[in-house]
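So the sequence lines, in the order shown, correspond to chains R and A.
Quick note: the first sequence uses our numbering, first residue 1, plus one each step.
Quick note: the second sequence uses our numbering, first residue 1, plus one each step.
Bear in mind the hints are in silico, worked out from the structure with no lab data behind them.
The structure displayed is predicted, hence computed values, not measured ones.
A portion of the hints provided could be inaccurate.
Which residues of chain R face chain A? A few of them, derived with a C-beta cut under 10 angstroms, are [as the list claims (entries may be wrong)]:
#, residue
1, Asn56
2, Ala109
3, Val245
4, Ser248
Below, a sample of chain A positions facing chain R; criterion: calculated Cβ distance under 8 angstroms [said to hold, decoys possible]:
#, residue
5, Ser65
6, Phe240
7, His255
Using N, Cα and C, we set each Cβ at its ideal position, and we do this for glycine too.
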Amino acid sequence: MALALTLSVSALTLAGCAPTRGPSGAIEVVGAEVQYGDVLAQIGGAYVHVTSIMNNPNTDPHNFGATPGVARSIAAARLIVQNGAGYDSFMNQLEAASANSSRVVISVAALRHQTAAANPHFWYDPATMPMVATALTGDLVRIAPAHAAYFRARETTFLREWRAVTAAVASARAQFAGRRVATTEPVGDYLLSAMGLTIATPFRFQADVMNGIDPSPQDIVTQQRLLTGHAVGALCYNAQVTSPVTQSLVDLAAANHVALVAIYETMPRSLHVQSWMLAEIAAVRDALAHGTSTRSIA
Amino acid sequence: MHWLFEPGIWSNAAVRTGAGVGVVVATVSALVGLFTVMRSQSFAGHALADVATAGGAGAGLFGFSPLAGFVIGSLLGAGAMEAIGVERVRQRDVATGVVLGGATGLAALFLYLITLSSSSAGSTQSILFGSLFTVSNSSFGVIAVVAAAVCLALAALGRPLLFVSVSPDAARARGVAVRRVALAYTLLMAVTVGLSAIVIGSVLSTALLIGPPAAALRLGRGLWTTLALAVALGVGAVGFGVVASYDSYYWWPSHRALPVSFCVVALVVLELVLVNVVVRTTRRRDAGARV
C-alpha cells in the first residue's frame, strides 16, 4: 500500500485554525473514526483531502466531545463516513448545525441495517469494510464523475487486499472454532465471532465497561472465574480504555497465565485497516495456538 | 429471604471490602457531621464536596489515587473558604458560594480534559457518583487510618468545639480561640467529605455527612445518645445500601444491579422521612395526652 496521504488532522490542532483546505480541487471528506478515514484515503487517493475525527487510540471514543475545529471540518465536507448506532451521535448534531444539501453522509449502521445495535463496533466485522468501500466509491464517483475509473480501480485493489483478511478469518475459524475467550468490552466481538470463537464473558459485563459504569460484583466474579479456572483461551481486552476493574482483570489473567490480546478500539495511526485486522487476527491466533500474549500491535 | 440476603454476598471480596470501607466512613461522617448540622454548615459541607469533585477529577487526569484527590481537594477548599473569611455567618455564605462556583468550574475543565486525553473508562461516573465495589484492599487500609486520625482529632477538639458551636459569644468571652477551633473543625469536615466521596461519590458525599446526624438530632436526646444514633443510622444506611445494591442483581431478569450510591442515599432519605414521621406522631400523641 503505497499511500502517502495526509491522513487525519487532529481535532485538537485544528481548534483555532482556519478551515482545512486540501490541495486545490481536492474533495473534502471526513471519517468520523480514523478507520473509516483510512478507507476514504485508500479509495479517494489524490483527489480527496481526508480529515479523521476520532483518531487517537489513547482516548475513550465513547466519551468524545466535539471541538470547534471538528465543526469546521464537517461544515466543509462533501462526503462523510460515520459509524452511527449512537457511537458518534455528535456527528449528527454538527451536520444538522451546518446543513448542506450537496453533502453525502454514509452511516455504517444504516448500511448494515443495524441502527439500534447493542454493539456498535462494526468495523471489526470482516464484512463491514468492503461494504463501506463500495458505498463510498459510488458516492465519490457521483461527486467527481471525471475520476470514476481512478476510484473504481482503487476500490478493486482495496477489495482484493481485503481478501487476505477474510482468508485469515476463515483459516482461524477452521483451526479454533468453538474455543472460548473472555473480553472486557464488546469492541472485537464481531471479529471474534467471525473466527468461530465463543465469547464467554456476559454481554452485560462488556456493555457496562463500554458505557463507563461499574459492572455488578456478581458479573466481576463470573469473569474472574473464567480466568482463574482457565475456562478461556485468552482475555481480549480493550487496550485503549482501562478502568480499575479491567486493569485488575488483566493482572489476574497475567497471574494465571491466561494469554492477553490487546484489542484496539481505534486504528493505530501506523497501520491501515487491512494490516490492523491482520495484526489482531494474528494476535488471537498466537494466544490460542501458543498461549502468547500480545499487548501492543502498533 | 434469598432476594434479601443472597447467600454468596460475604464471599465476594469486592463486596466485603466495600462494606468495610462503607462502615468506617459512615461512622466518621456521622460523628463529624453532627457538628456540621449543629453549626449550620451544611452548605459549606456541600461546597467542600464540590471542591472534592475537582480534586478527584484532577487526580484522575494526572493519575493519582482518587482518595488523595478527594481529600487534598477538599482540604484546599476548606483553606480557601477560611482565607476568604468565614467568621460571620453571612460572610461564610458568600465565601462558600465563591469557592463552590470556582471549584465546580475547575471540575468541569478536568472532566473534559480526561475525555480528551486519558483512556479511563467511566472516570466521570465514578468521581461524581462513587465506585465502592472497586475500592482496593490497600486503599481500605489508608481509609481506615485516615478515619481513625479524624476521630482522634475530633475527640481532642470535642469540648471547645461543642462550646463554640452551641454559643460562640459565651465561648469567646471565656477566652476560647473561636476562629482556630472553627478552622480546625472545617479541616476535619474537609477530610471527612473526601472519605465519603470514595463511598458514594463526591456529589453525594454530603448525604452521609448531613443525613444521619440530622435524623438523630431530630429525635432530641442527649449528646452521647444522639452521637450513637447518628452512627447507627449512617452505618445502617451504608450497610443495607451495599446489601440492596448487591441483591438488586437478582431482582430483575435483566440482572441490572442498582448503583450502591443510589441505594445508600435512598436509605438516608428514607431514614430522615421515617424519623420525621415518628417524631410528629409522638408529639401529636403527647399533645393529645396533655389536653
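Broken hints, by number: 2, 5, 6
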